[in-house]
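Peer 1: Here is what each chain is made of, one letter per residue.
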Amino acid sequence: MKAALIGLGSVGRGVAEMIAKKDPGITITGIADSKSGCICDEGIDIAAALEYKKRTGMCGEPAISAMDVIKKGDYDVLIEVTPTNALTGEPAIGYIRAALAKKKHIVTSNKGPIALAYRELTTFAQKKGVALRYEATVGGAIPIMHTLENGLSGNKIIAIYGVLNGTCNYILTRMAAEGLTYEQALMEAREMGYAEADPTYDVKGIDAAIKLVILSNTIWDSGAKLADVDLTGIDLLTPDALRLAEEGDCTIRLIAEAIPGKKILRVSPRLIEKNHPLVVEGTLNALTIETDMAKDITLTGRGAGSIETASAIIGDILYIRDHYGKRA
Amino acid sequence: MSGSILVEKVVRVQVSMKLEMKDSPGQLVAALKPISDVGGNIIAVIHHRDPDSSHHMLNVQIVLALPEGRLDKLVALLKEQGVHIQRIGKERLLYKRTVVLIGHLMHTDLSDTVDQIDSTGFAEVCEISMSMPAINERSTSRVTIKATNRADMDAALAILRRVAQQKSLLLIEPLGEIV
Chain A
4 MKAALIGLGS VGRGVAEMIA KKDPGITITG IADSKSGCIC DEGIDIAAAL EYKKRTGMCG
64 EPAISAMDVI KKGDYDVLIE VTPTNALTGE PAIGYIRAAL AKKKHIVTSN KGPIALAYRE
124 LTTFAQKKGV ALRYEATVGG AIPIMHTLEN GLSGNKIIAI YGVLNGTCNY ILTRMAAEGL
184 TYEQALMEAR EMGYAEADPT YDVKGIDAAI KLVILSNTIW DSGAKLADVD LTGIDLLTPD
244 ALRLAEEGDC TIRLIAEAIP GKKILRVSPR LIEKNHPLVV EGTLNALTIE TDMAKDITLT
304 GRGAGSIETA SAIIGDILYI RDHYGKRA
Chain B
24 MSGSILVEKV VRVQVSMKLE MKDSPGQLVA ALKPISDVGG NIIAVIHHRD PDSSHHMLNV
84 QIVLALPEGR LDKLVALLKE QGVHIQRIGK ERLLYKRTVV LIGHLMHTDL SDTVDQIDST
144 GFAEVCEISM SMPAINERST SRVTIKATNR ADMDAALAIL RRVAQQKSLL LIEPLGEIV
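Residue numbers (our numbering), protein chains in the order written: chain A, 4 to 331; chain B, 24 to 202.
Looking at chain A on its own, in the form it has when it is part of the complex (with noise of 0.2 Å):
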């Protein structure tokens, strides 16, 4: 199976790699980032093409776009890690619209283009007969996706709730385990490299709340957007909060939860007791499912990084090769 990779740093190059290490039956034929790109049909030597980037910072030939390798590329499955833009999804849904439009499947992590134009871009893939999957937009490595569409598939699926941000988890856990504030915690996954330098984006609960918008269209064709998310962040917790949550054997944890049947969709900090299959530890993630046959499903795993997000892409691709395999 051919496929493009367009987005080469941390989730692109654990693809890459990855793809090399492991032989999985992909032959990368296009690589394009943000500054230069390449096409060889017969397959890029993917170790050369990392030293490449290493060394000059750049995948290929400035004068070959990503553009350039989704319309002109020999491939099967577009590879599309670019980072999210959760405003407009842009370029990712231009790129993603480009491929659908050659009757490429896509893999994406990229959570702007699925949690802004889901509809349009599921659409337009079933009308192309191609595959869109996203696993790796949420949960990491967690196949939540895959659960939700295989294992799960006979049921109804009642309300979901998650630990879906692993940097609020961490300022979290560490705010209850060593009396931290809330500012010394956040220092402190800076310097662990969990946080960005401007943490809005998680600790307001944005990115929790992307991906409850994601499931809750992936699950009910809801049509929700981020706008429709009742949102508040762990920002303004205290010290005590966290103490006085202990003293009931309870702690405190970032919780998205959609519930169609009460309207509810939301991310706010949740009292939760401490022996919940939710409370989990660190940067890791949780999404318990609540169905009517199988009842309560948790799964929890890694959320983030560049190794755990390639396990869901590859995944995802090996899926298409499998279920769409004559045409791929």
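Just so you know, the hints here were simulated from the structure itself, not pulled from any lab data. Built from N, CA and C at the ideal position, the CB exists for glycine as well. Treat the hints with caution; some may be incorrect.
[What the hints assert, rightly or not] Distance ranges between label pairs, derived from CB positions:
id: 1; chain 1: A; residue 1: Glu249; chain 2: B; residue 2: Met129; range: 21 to 29 Å
id: 2; chain 1: A; residue 1: Leu302; chain 2: B; residue 2: Gly49; range: 49 to 57 Å
id: 3; chain 1: B; residue 1: His70; chain 2: A; residue 2: Gln129; range: 39 to 47 Å
id: 4; chain 1: A; residue 1: Gly154; chain 2: B; residue 2: Ile66; range: 37 to 45 Å
id: 5; chain 1: B; residue 1: Ala178; chain 2: A; residue 2: Glu249; range: 22 to 30 Å
[To be verified] With a straight-line Cα cutoff of 27 Å, these simulated BS3-like cross-link-like pairs (lysine-lysine) come out:
id: 6; chain 1: B; residue 1: Lys45; chain 2: A; residue 2: Lys277
id: 7; chain 1: B; residue 1: Lys41; chain 2: A; residue 2: Lys159
id: 8; chain 1: B; residue 1: Lys102; chain 2: A; residue 2: Lys265
id: 9; chain 1: B; residue 1: Lys119; chain 2: A; residue 2: Lys265
id: 10; chain 1: B; residue 1: Lys45; chain 2: A; residue 2: Lys56
id: 11; chain 1: A; residue 1: Lys56; chain 2: A; residue 2: Lys5
id: 12; chain 1: A; residue 1: Lys24; chain 2: A; residue 2: Lys38
id: 13; chain 1: B; residue 1: Lys45; chain 2: A; residue 2: Lys266
id: 14; chain 1: B; residue 1: Lys45; chain 2: A; residue 2: Lys207
id: 15; chain 1: A; residue 1: Lys298; chain 2: B; residue 2: Lys190
id: 16; chain 1: B; residue 1: Lys102; chain 2: A; residue 2: Lys298
[Unchecked claim] Covered stretches of chain B (in silico footprint by chain A; criterion: 3 or more residues with CB under 8 Å from a CB of chain A, positions within the stretch not fixed):
id: 17; segment: 122-130
id: 18; segment: 157-166
id: 19; segment: 187-197
Could you slot chain B onto chain A? The hints should help.
Peer 2: Frame of chain A; chain B shown alone:
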């Protein structure tokens, strides 16, 4: 606020139980009979009928008062009736929920905040733990509310949510039924 005085003259204890039983005629009455057999009385019964009727199971939450020391006997009798006991809460209060409030709690008139719950008649603030790190800094409190049943509790929490918004307080609600 009612929690400031706790008179321990009670020989009867209040217990909440979550029961599961066959959803057939007469079953609920039969299942509840052991309660009077041990000298207890029922304070509240809340049905949760499974929307999937093919299960033929009935979930019931009951709140009852019974003489101290009779609980084990009651549990044995219920089991004999084929009732599955999913959960037992031995708390003396009825339906409880704990929340955390963060903000300028004193400056925004804490007693008024409490009053808005207490004045409903169906819910009360029964416990407050409060921490005030310094003047002009935000304080944090853990507030426990009791109510007679789940619907009343939801109504009380809705009031608290509105008050918190008006007073710019951060309200941290429990996930699920933390008793």
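Peer 1: Hint compliance check: list the failing hint numbers for this structure, sorted ascending.
Peer 2: 2, 6, 8, 10, 13, 14, 15
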